[in-house]
Amino acid sequence: MSQSLRTPQVYRRGFRDRLVEGLRYGGGVGQWSWLIHRLTGLGILLFLVIHIVDTFFVVAFPALYDHTVAIYSGIISGLHPTVNGYYWPLRWVFRLGELGLIASVLFHALNGIRIVLFDFWPKAVNHQKTLFNAVQIVFWVIMILVTIRVVSPLFSAPEHVPVLKTASAPAMVPSR
Amino acid sequence: MNYHRFDCIIVGAGGAGMMAALESSRKVGTAVVSKLYPTRSHTGAAQGGIAAALSNLEDDSWENHAYDTIKGGDYLVDQTAAEILCKEAVDCIYELEHMGLPFDRTADGRISQRRFGGHTKPNPIYDPSATPGTDAAKPRIPVMRACHAADRTGHMILQTLYQQCIKQGVTFFDEFHMLDLIMVDGECRGIVAIEIATGQLHTFHAKSVLLATGGFGRMFKTSSNAYALTGDGPAIAYRHGLPLEDMEFYQFHPTGIYRLGILLSEACRGDGGVMFNGKGERFMDVYAPNLKDLASRDVCSRSIEQELRAGRGVNGKDYVYLDIRAETINKYKTSPTGSDVDSHWVEKRLPDIIDFARTYLGVDPIKEPMPIQPTAHYAMGGVPTDVHGRVLRDTSGEVVPGLYAAGESACVSVHGANRLGTNSLVDLIVFGRRSGKDMARYALDREFQPFPANPEAPTRMAIDSLLSRPRTEPWVKLRDEMQKTMMDDCGVYRTEERLTRARDTIAGLQVRYKNLGLQDKGTVFNTNLLEVLELGCLLDLSEATVASALARKESRGAHSREDFPNRDDTQFFGHSFATKHGDGQPTVTYKNVDVITLEKDGKTTTKYPLEIRKY
Amino acid sequence: MAKRSGAGRRVKPAGGFELLAWYWMRISGLLLVVLALGHLFITHIIYNVESINYAFVASRWAAPKTGFFWRIWDLSMISLAMFHGFNGLRQVLDEYVINPSRRVVVHTLIWSFMFALLGIGSYAILMFQKDEKYINQWELEHGRVANSSPSTSPASSVLVDSTR
Amino acid sequence: MTTTDSVRNLTLKIKRYDPERDEKPHWEEYEVEVDGHDRVLDVIQKVKWYQDETLGLRRSCAHGVCGSDAMRINGINGLACKVLVKNLQSSLLTVEPILGLPVIKDLIVDMKPFFDHYKSVMPFLINDDPPPTTERLQSPAERARFDDSTKCILCACCTTACPPFWGDQKYVGPAAIVNAHRFIFDSRDRGAAERLDILNDAQGVWRCRTVFNCTSACPRDIKVTQAIQEVKRAMLTGDIGFDPST
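Residue numbers (this note's numbering), protein chains in the order written: chain A, 1 to 176; chain B, 1001 to 1615; chain C, 2001 to 2164; chain D, 3001 to 3246.
Read the hints as simulated data drawn from the structure, not as lab findings. It is possible that part of the hints are untrue.
[Claimed, not checked] Here are a few chain D residues that face chain A, going by a calculated C-beta distance under 10 Å:
#, residue
1, Y3017
2, N3074
3, I3076
4, P3163
5, W3166
6, T3210
7, Q3226
8, K3232
[Unchecked claim] Calculated cross-link-like contacts (lysine-lysine; reagent style DSS-like; alpha-carbon spacing at most 27 Å):
#, chain 1, residue 1, chain 2, residue 2
9, C, K2065, C, K2133
10, B, K1138, B, K1221
11, D, K3119, B, K1167
12, D, K3086, B, K1221
13, D, K3170, D, K3015
14, D, K3223, A, K129
15, B, K1477, D, K3046
16, D, K3024, D, K3013
17, B, K1333, B, K1138
18, B, K1484, D, K3046
19, B, K1367, D, K3223
20, B, K1521, D, K3223
21, D, K3112, B, K1167
22, D, K3112, D, K3015
23, D, K3119, B, K1521
24, D, K3086, B, K1521
25, B, K1348, B, K1333
26, B, K1600, B, K1087
27, B, K1437, B, K1348
28, B, K1167, D, K3086
29, B, K1521, D, K3046
30, B, K1138, B, K1331
31, B, K1027, B, K1477
32, D, K3223, C, K2012
33, D, K3046, D, K3119
34, D, K3046, B, K1221
35, B, K1027, D, K3046
All values reported here derive from a predicted model rather than from experimental measurement. In this text, a Cβ means the ideal position worked out from N, Cα and C, and glycines have one as well.
Please take these sequences and the hints and turn them into a complete structure.
Below is the structure:
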């Protein structure tokens, strides 16, 4: 077939460029939704791995499980007395992480529905931008409500996990 | 090392080249050498259609087509060749369809056809005594003969041929630029080409070589031609002392996009489009009362020039309007369907044209007329060949063994002094196929002839000296001057004075060309080098064009001499052959036109009698 | 014109792993929209994530009437999510790991990892048995958790550093 | 008609690479005088002709039908001859080679992998039945079925705008799928099953992630993603709209 020979030297992009060069490409909403879909997917998968392992503790090591989930509320217990305690920034970090997780799953789900529409509803491809806008609207409406729900308990002490024994008033209640 | 051997070498991968490759590669080893990827060839820019008398929508015959071709060419057409063209066109269209070409379809599933400039049939209700202007007074009426795929017919042909070449496993040397023919004892034994990506020279040893390198419209400033159309094939043949035929006939297409020269297909007018001058008058009424906007291209281009000279351009500028709005088509009753059309219909018939106007003019042709001006479009002339594509050595008709030419680079002569719209595609297919067949036949009866030692040496020297010379002036200055000269002094209208000036300018440029140096001294993809080499080809072809134009002291078809406004069949009914000898100006000689004669009742008549050409 | 018959408008549907994988991603994805969003809704919206502990899990998986339902829910969710997620990871990695033998290594690694995870996850869901003694012990040490009530209920406990 | 004859200055930034001199590509800037109807191609050629003849690029027809001058213009793929300067917002114009194919020189990339993908889908009519003496019949509706994909000029704008292709150049890419679509849905063709089989592969149609970069990059306005989706559905259901066995 084609006989054209290769030049002795061509510039081939390395692995890093293959991964990053495209980010400068001015693709539209399609490209960004693809990228976010991929990143949220990978993020959720990472969380899932952790989540399965910690859930395994429920059966294997109930106490370890309880100590682990308590960390989500900013409470470290069962370790050395100098470490044990309530750390409100830790609680904030986990709460924001939780928000990120919900956002990821929600976006991944909504955008997933958009992708499925492309596959099985022939006309959808002509409305990809509209569909992306719809995904965004639904996403933000839900996320605002979720944020209120998830963040509001942060302004009071952890209520439902009195992991630490009742005694005098703590010194580390988050400031309002 | 870089030596290749094939029975047939085809230079150029446009319509003619690939059609020939499909034919010859069935029987003998064939390689296509092309400076572009095949799908970049300019065949792909052809728009409106490819004519063949299929009679799918109305009665037609190949004789009608031949009549139109001969008349369109202002009788400077070899009539046997024209008959072959029109007869075989029918067969070729079916072959293309069987290859998969997606023609538009009629309601009953057959190939759709449309009207085109200069395509006519006898008027069944013709009455010589009828009042002028009525339908019955027209001896001939437009006919739907151009088979089309929207306004991308050439694109479909090019793609289909490339697809078939892939299917057949034709060998391609993509982005190899031919630099020289290897001629030994007056016969062709191969070519020298540069592999653009590496800058290495390659030699191709062959039994037969086909030049299918396309046109050379880039010698003009405003041109519908691609940058790649620099006439490398004809120029190299010319340097080897072979003649160039009918070079003075260069077609200007009437409807190029204002300033850019991008083609707006004749199909615009075939489908009912009308041209207007600055005063809003349909000026073709005056110049071609019968066919009006569907007159032949040279007629329309001259008409536009006349309007512009008379100051009737739009807004006092040098353009007129082409109007394809549905309401205009309906108002002037120019719709080919006979009934009113709507803008949806127009959009479906001419999608690319509408896209071009929107992109390049910022004009929506559905709502506004498009500014147009004539644009250099097609070379009727080229390397002279017989009907088998074999290159002629001189006016005697002797052939050069092993050398073939087809397509725009060749002059079979089926276009004469002015090509009929759509006939370029017909030419490619019909004569591309015939060349391919004859090359295979020739290669089968012949052994490889000895190949000279180092045939690439002169080419290597030329390139080395180009690369080693200091850069005295930018090469583009030469090109710009050549294009301006050719456009102004050798354009639609010509005079002795302007042509002489053009001859001298080109000669001066030839001298300066010899001292050109390059900025890019590299070997990898040196487009600087290629552009300069291409300029050399264009300069040689300009020289031949101007010399042939100076010699022809008459007006015929696309060659309009203001100082000799009439056709002169007693002195100039012949094909010009421009041949270069050494460094001076070429000599111009003439070859008789092939005329078909009929014996009837002991009297000899011509089948296509010379008539005054009116539309 | 090609003959048109209602029944014969087709070629043989293609099968093959990639087609099935593509189809699987759609089906599992749609199911996961319900299962995963539902799961998140329950654990993060209806309840507060901070209310989750052993007792909470036990109250769902080991509930006399609904326990079976929740275990089926979680089991389907984890298996769909594992296959969906790791197939997604495989597809992403395939775009960047081109070398065929490296690809085999990567595939082996990710699928082994997935099955291990699926194994321990399923084990947890299926083998869970409520340990009343542990719950009592924990509550004795840490106080009772009102994990069945929504987080909007008034605060009932005070935090103290257990070490003091 | 919009006549923007106003002349203005523009900074043209080109990603350049000379294999005989450079280790890797780098940016270079040029000042160019442009007017309103200049195409990006005109701007680049002004640099090539009047400032730096060593600049390498491919071009031929200059009006968007040959597909030679596909490049990345201000970040997105397009044909340099189909983008008009007046439609650019800024006074900075950046051009760089299309992404995903090896760079030979400056704006010129090696197109061989691209054409190899094209050839791999059997882009030609397959029908071994003896043809009739005239044309094979096809209704206007059947012809319209694949019209969109016949417009392809193989410029590679779509394939090199495709994120999965940036990662894996073994993916056949949108252009090849469009050309397969051209024949799969042609009622005269009998090779649909074979083509679907070729594309039913991790590096075939299933690598598509419906990013739509291809569709927005196509200078011929082909609905590329739609064509790919139609091929996917044909694979799933086997329905191509006609019976290729007759």
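Evaluation of the provided hints:
1. Y3017: holds, 5 Å
2. N3074: holds, 7 Å
3. I3076: The hint holds - I3076 of chain D has a Cβ within 10 Å of chain A, the shortest such distance being about 4 Å.
4. P3163: holds, 5 Å
5. W3166: holds, 5 Å
6. T3210: Holds: closest Cβ of chain A sits about 5 Å from T3210 of chain D, inside 10 Å.
7. Q3226: holds, 5 Å
8. K3232: holds, 7 Å
9. C:K2065 to C:K2133: holds, 21 Å
10. B:K1138 to B:K1221: Roughly 38 Å between the alpha carbons, so the hint for K1138 of chain B and K1221 of chain B is violated.
11. D:K3119 to B:K1167: holds, 9 Å
12. D:K3086 to B:K1221: holds, 23 Å
13. D:K3170 to D:K3015: Between K3170 of chain D and K3015 of chain D the Cα gap is close to 25 Å, so the pair holds against 27 Å.
14. D:K3223 to A:K129: holds, 14 Å
15. B:K1477 to D:K3046: Distance of about 12 Å is within 27 Å: holds.
16. D:K3024 to D:K3013: Distance of about 16 Å is within 27 Å: holds.
17. B:K1333 to B:K1138: Roughly 16 Å separates the two Cα atoms, so the pair holds.
18. B:K1484 to D:K3046: Measuring from Cα to Cα gives roughly 17 Å; hence the hint holds.
19. B:K1367 to D:K3223: holds, 25 Å
20. B:K1521 to D:K3223: violated, 43 Å
21. D:K3112 to B:K1167: Distance ~17 Å between K3112 of chain D and K1167 of chain B Cα, so the pair holds.
22. D:K3112 to D:K3015: holds, 21 Å
23. D:K3119 to B:K1521: violated, 35 Å
24. D:K3086 to B:K1521: violated, 35 Å
25. B:K1348 to B:K1333: At roughly 19 Å apart (the allowed maximum being 27 Å), K1333 of chain B and K1348 of chain B satisfy the hint.
26. B:K1600 to B:K1087: Roughly 23 Å separates the two Cα atoms, so the pair holds.
27. B:K1437 to B:K1348: The hint is violated at about 38 Å.
28. B:K1167 to D:K3086: The hint is violated at about 43 Å.
29. B:K1521 to D:K3046: holds, 20 Å
30. B:K1138 to B:K1331: Roughly 21 Å between the alpha carbons, so the hint for K1138 of chain B and K1331 of chain B holds.
31. B:K1027 to B:K1477: Distance ~47 Å between K1027 of chain B and K1477 of chain B Cα, so the pair is violated.
32. D:K3223 to C:K2012: holds, 26 Å
33. D:K3046 to D:K3119: violated, 35 Å
34. D:K3046 to B:K1221: Answer holds: K3046 of chain D to K1221 of chain B is near 16 Å, not above 27 Å.
35. B:K1027 to D:K3046: violated, 47 Å
Comparing the model with each earlier hint shows violations of hints 10, 20, 23, 24, 27, 28, 31, 33 and 35; every other hint is respected.
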